[in-house]
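Protein chains in written order, with the working numbering: chain A, 1 to 612; chain B, 613 to 805.
Be aware that one or more of the hints could be misleading.
Some residues of chain B that are not near chain A, with every Cβ distance over 12 Å (derived) [as the list claims (entries may be wrong)]:
#1 Pro626
#2 Glu709
#3 Asn715
#4 Glu723
#5 Ala724
#6 Leu734
#7 Glu742
#8 Asn744
#9 Ala750
#10 Asp764
#11 Asn784
Within a straight-line C-alpha distance of at most 30 Å, the following computed DSBU-like cross-link-like pairs (lysine-lysine) qualify [what the hints assert, rightly or not]:
#12 B/Lys743 to A/Lys324
#13 B/Lys802 to A/Lys324
#14 B/Lys695 to A/Lys404
#15 B/Lys695 to B/Lys665
#16 A/Lys468 to B/Lys665
#17 A/Lys354 to A/Lys27
#18 A/Lys155 to B/Lys665
#19 B/Lys695 to A/Lys468
These aren't lab readings, by the way, just hints derived from the structure by calculation.
The structure displayed is predicted, hence computed values, not measured ones.
From the three backbone atoms N, C-alpha and C, an ideal C-beta is built for every residue, glycine too.
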Amino acid sequence: MGRIVGIDLGTTNSLVAYIDAQTSQPKCIPGPYGSTLCPSVVSVDPDGSVIVGEPARKRLLTQSDRTIYSVKRLMGRGPADVQDELKLFPFRIDPGSKNVIRVQLGDRVFTPPEISAFILRELKNWAESFLHEPVDRAVITVPAYFNDAQRQATKDAGKLAGLEVLRLVNEPTAAALAYGLHEKQRGRVAVYDLGGGTFDISILKLISTAEGDIYQVLSTNGDTHLGGDDIDNLLQAFAHEQILQQHGLDFAARGELAQNLRKALIDLKHQLSQSESVTLRFPLPGGAVYVNEFTRGEFEALIRPVVDRTMGPVKRALADAQLKPEEMEEVVLVGGATRTPLVRRMVQEYFDRKPHTELNPDEVVALGAAVQANILERGVTNMLLLDVTPLSLGIETYGGAVAKVIPRNSTIPASAQELYTTGVDNQTGIDIHVLQGERELAKDCRSLARFTLKVPPAPAGLPRIEVKFLIDANGILQVAAKDLRSGEQRSIEVQPSYGISDSEIERMLEESIEHAEQDFAERQLIEARTESEAILGATAKALSNAPRDVSTAERAKIDSAVAALKSAAAGTDYKLVRKKIDELNAATQHLAELVMNSAISTALEGRKVAEV
Amino acid sequence: MSEGADHFAVFGLPRKLWIEMSALEQKFLQLSWKLHPDNFVNATEEERELSLKRSSELNDAYRTLRDPVARLEYLLALEGERKEGEKKQQAPPELLEEVFELNESLDELREAKSAGGDLAALKTRLASAEKNFGAKLAEVDGELQAVAKNWDAAIDANANDAARKKLMARMNELLNRRSYIRNLVANVQKELL
Numbered sequence: 001m002g003r004i005v006g007i008d009l010g011t012t013n014s015l016v017a018y019i020d021a022q023t024s025q026p027k028c029i030p031g032p033y034g035s036t037l038c039p040s041v042v043s044v045d046p047d048g049s050v051i052v053g054e055p056a057r058k059r060l061l062t063q064s065d066r067t068i069y070s071v072k073r074l075m076g077r078g079p080a081d082v083q084d085e086l087k088l089f090p091f092r093i094d095p096g097s098k099n100v101i102r103v104q105l106g107d108r109v110f111t112p113p114e115i116s117a118f119i120l121r122e123l124k125n126w127a128e129s130f131l132h133e134p135v136d137r138a139v140i141t142v143p144a145y146f147n148d149a150q151r152q153a154t155k156d157a158g159k160l161a162g163l164e165v166l167r168l169v170n171e172p173t174a175a176a177l178a179y180g181l182h183e184k185q186r187g188r189v190a191v192y193d194l195g196g197g198t199f200d201i202s203i204l205k206l207i208s209t210a211e212g213d214i215y216q217v218l219s220t221n222g223d224t225h226l227g228g229d230d231i232d233n234l235l236q237a238f239a240h241e242q243i244l245q246q247h248g249l250d251f252a253a254r255g256e257l258a259q260n261l262r263k264a265l266i267d268l269k270h271q272l273s274q275s276e277s278v279t280l281r282f283p284l285p286g287g288a289v290y291v292n293e294f295t296r297g298e299f300e301a302l303i304r305p306v307v308d309r310t311m312g313p314v315k316r317a318l319a320d321a322q323l324k325p326e327e328m329e330e331v332v333l334v335g336g337a338t339r340t341p342l343v344r345r346m347v348q349e350y351f352d353r354k355p356h357t358e359l360n361p362d363e364v365v366a367l368g369a370a371v372q373a374n375i376l377e378r379g380v381t382n383m384l385l386l387d388v389t390p391l392s393l394g395i396e397t398y399g400g401a402v403a404k405v406i407p408r409n410s411t412i413p414a415s416a417q418e419l420y421t422t423g424v425d426n427q428t429g430i431d432i433h434v435l436q437g438e439r440e441l442a443k444d445c446r447s448l449a450r451f452t453l454k455v456p457p458a459p460a461g462l463p464r465i466e467v468k469f470l471i472d473a474n475g476i477l478q479v480a481a482k483d484l485r486s487g488e489q490r491s492i493e494v495q496p497s498y499g500i501s502d503s504e505i506e507r508m509l510e511e512s513i514e515h516a517e518q519d520f521a522e523r524q525l526i527e528a529r530t531e532s533e534a535i536l537g538a539t540a541k542a543l544s545n546a547p548r549d550v551s552t553a554e555r556a557k558i559d560s561a562v563a564a565l566k567s568a569a570a571g572t573d574y575k576l577v578r579k580k581i582d583e584l585n586a587a588t589q590h591l592a593e594l595v596m597n598s599a600i601s602t603a604l605e606g607r608k609v610a611e612v
Numbered sequence: 613m614s615e616g617a618d619h620f621a622v623f624g625l626p627r628k629l630w631i632e633m634s635a636l637e638q639k640f641l642q643l644s645w646k647l648h649p650d651n652f653v654n655a656t657e658e659e660r661e662l663s664l665k666r667s668s669e670l671n672d673a674y675r676t677l678r679d680p681v682a683r684l685e686y687l688l689a690l691e692g693e694r695k696e697g698e699k700k701q702q703a704p705p706e707l708l709e710e711v712f713e714l715n716e717s718l719d720e721l722r723e724a725k726s727a728g729g730d731l732a733a734l735k736t737r738l739a740s741a742e743k744n745f746g747a748k749l750a751e752v753d754g755e756l757q758a759v760a761k762n763w764d765a766a767i768d769a770n771a772n773d774a775a776r777k778k779l780m781a782r783m784n785e786l787l788n789r790r791s792y793i794r795n796l797v798a799n800v801q802k803e804l805l
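All chains should be modelled from the sequences, with the hints used to inform the complete structure.
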């Protein structure tokens, strides 16, 4: 069994965290560029290879038709759901099946879970490189307001990335865990989480009992279609309009140019958090320049509608928890977009208290996921999470109405039973349509799945089938049916309304094994070999520069360590290579000091170190 | 109800209608520590299934027993005595006139809305009707509390079947009345939004 990590699969950035064994504290793992943030961007090169993260982000500007960002906004959705957003995405949606989105990147076509899987795999690699251990299990966070299809898509992504997803944790709850650990809070907490593409508000109660601390979610609400991206979209639309007016250029159709402008506007947005005004100078094709001074006041007026939209869910969550804003003892801000001064002001005014921002709003969710991973591993047994399902579960009844069977904000796991019978003699199947949402009519709720109960032929009204609907700890629905007359379990065919079927996932998994990413050991060996080359090169260079200061005995030790390393690196045991690297490091410690001192004294003499 | 403990049994409570809330919460939190699936992630398939089943039973029981009305409805269902009104849409006789007036006002408001007419006077009338029915709802809740007390007393006194059935019939009547009035109030609130 490999290590377990916590992963924040975010709209804009993704992160992976672990528990530091020495401090028992969660920490984010840095990637090859030193940052703990992996931009949630995936690009496909002409030769078919897939690039993830920072290098992919650059391709947003140069190869925007084969690069995708914010794929989280497409997870668990059908093509009809995202028509509006397509205008702002330069990559193309394949007009394929009606319940799964397929994105075309270069010559290849992917579903959103496959794209998310590339990001998860990248994070898996980061973790394995850092921890020097296989990582095959994870806790992955999702917006609290994600529905069943969106959660299932996230689990599918984990599976495709070679990770066993032990739990999906709601992002605000994860943040509360991280803060709870950090601040030792008690009482009623509101978590306001405004990310790149999703908004969540959760109301929690932190209770201390004899057994430990309970993080109990009282209510949650949100908008899975609202976030920092919308702020960027407004800025982009504003700039496009100005450019059209002032320079007669229509930017909407210009993929790469528009992406360049978007990037410039995002940088400007960040600067406006620090300064009262920032001037943008953007060169246009044909030699003209788009110039505009953006003041913070104008910016806030422009984005006000987006921030105002967050208050509806906040009020509803408080109403469901039967609490008033002033009754919150703590308020926590999560998500990059909460760095916006307007957001901070509005939250502070509404709750009449200063919100917590001590933990990095970009990292806090991943840290919380690592804490939850630790709880699942029983590394910690004095913390308990009691989360809720955000949406009511209902069944379609006659006339297209919905009968709610599990109300929203029910603590999960939660279940409900319904009794079914046939209406016609010898009827062999009973259809059930399950939905999520708060509206009265099925057409206004989110279709989750259609189930067909298989029934043996019998006179109408005689069969008695009890169907149990269970929402598990991940917030995902399971259905089981029992024939009450025979006591047998009945089989159910499930057709999810959105998402990839199980058989298609299996096919994708098989294909990915064929185009296999190298497995853990192979990659470790490659990395170890690369490091050994570097240290062998440095050792050879140091020896050629300081032969006199090294004693014969020391030289013999170094030579022997070099030979041992070269021999190990030619083999296939990465652990042995690492061992020999450590031994060579130890043997050349004195040599390294000599080189260092020599470099310092040379520098002091005004000569360049490179000449040494 | 097929298998599994009933909600009262989950908490080790008798089938009585008065429950001390903070004790219920304590028990709920205590049992949550023991049963939650997070404790069983590395356990056997069987243990995981059992934990899922028992923790959902616990949560379902707590959800139902916390709410006095849900608790009462559940008790009736458990005793096999929950009878929703035969004609659910039928108004209780003593309310007929007021309900008639209310429906008239609602229709007028809907017409005025689509014709773009002046809504202020109509809205005021409906707001006061809402208040009126809100008060009736409170009355019913009071009566439900009273019959709940009687039930508990009957259980303590080991009352016979007939006495209990009589009390349950009264509970059904009150629940149906309550349900009807609640729907009325909800409809008014919708139109007043």
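How the hints compare with the structure:
no.: 1; hint: Pro626; result: holds (23 Å)
no.: 2; hint: Glu709; result: holds (28 Å)
no.: 3; hint: Asn715; result: holds (18 Å)
no.: 4; hint: Glu723; result: holds (22 Å)
no.: 5; hint: Ala724; result: holds (23 Å)
no.: 6; hint: Leu734; result: holds (23 Å)
no.: 7; hint: Glu742; result: holds (18 Å)
no.: 8; hint: Asn744; result: holds (24 Å)
no.: 9; hint: Ala750; result: holds (17 Å)
no.: 10; hint: Asp764; result: holds (26 Å)
no.: 11; hint: Asn784; result: holds (20 Å)
no.: 12; hint: B/Lys743 to A/Lys324; result: holds (23 Å)
no.: 13; hint: B/Lys802 to A/Lys324; result: holds (23 Å)
no.: 14; hint: B/Lys695 to A/Lys404; result: holds (19 Å)
no.: 15; hint: B/Lys695 to B/Lys665; result: holds (29 Å)
no.: 16; hint: A/Lys468 to B/Lys665; result: holds (11 Å)
no.: 17; hint: A/Lys354 to A/Lys27; result: holds (26 Å)
no.: 18; hint: A/Lys155 to B/Lys665; result: holds (22 Å)
no.: 19; hint: B/Lys695 to A/Lys468; result: holds (22 Å)
Hint compliance for this structure: every hint is met.
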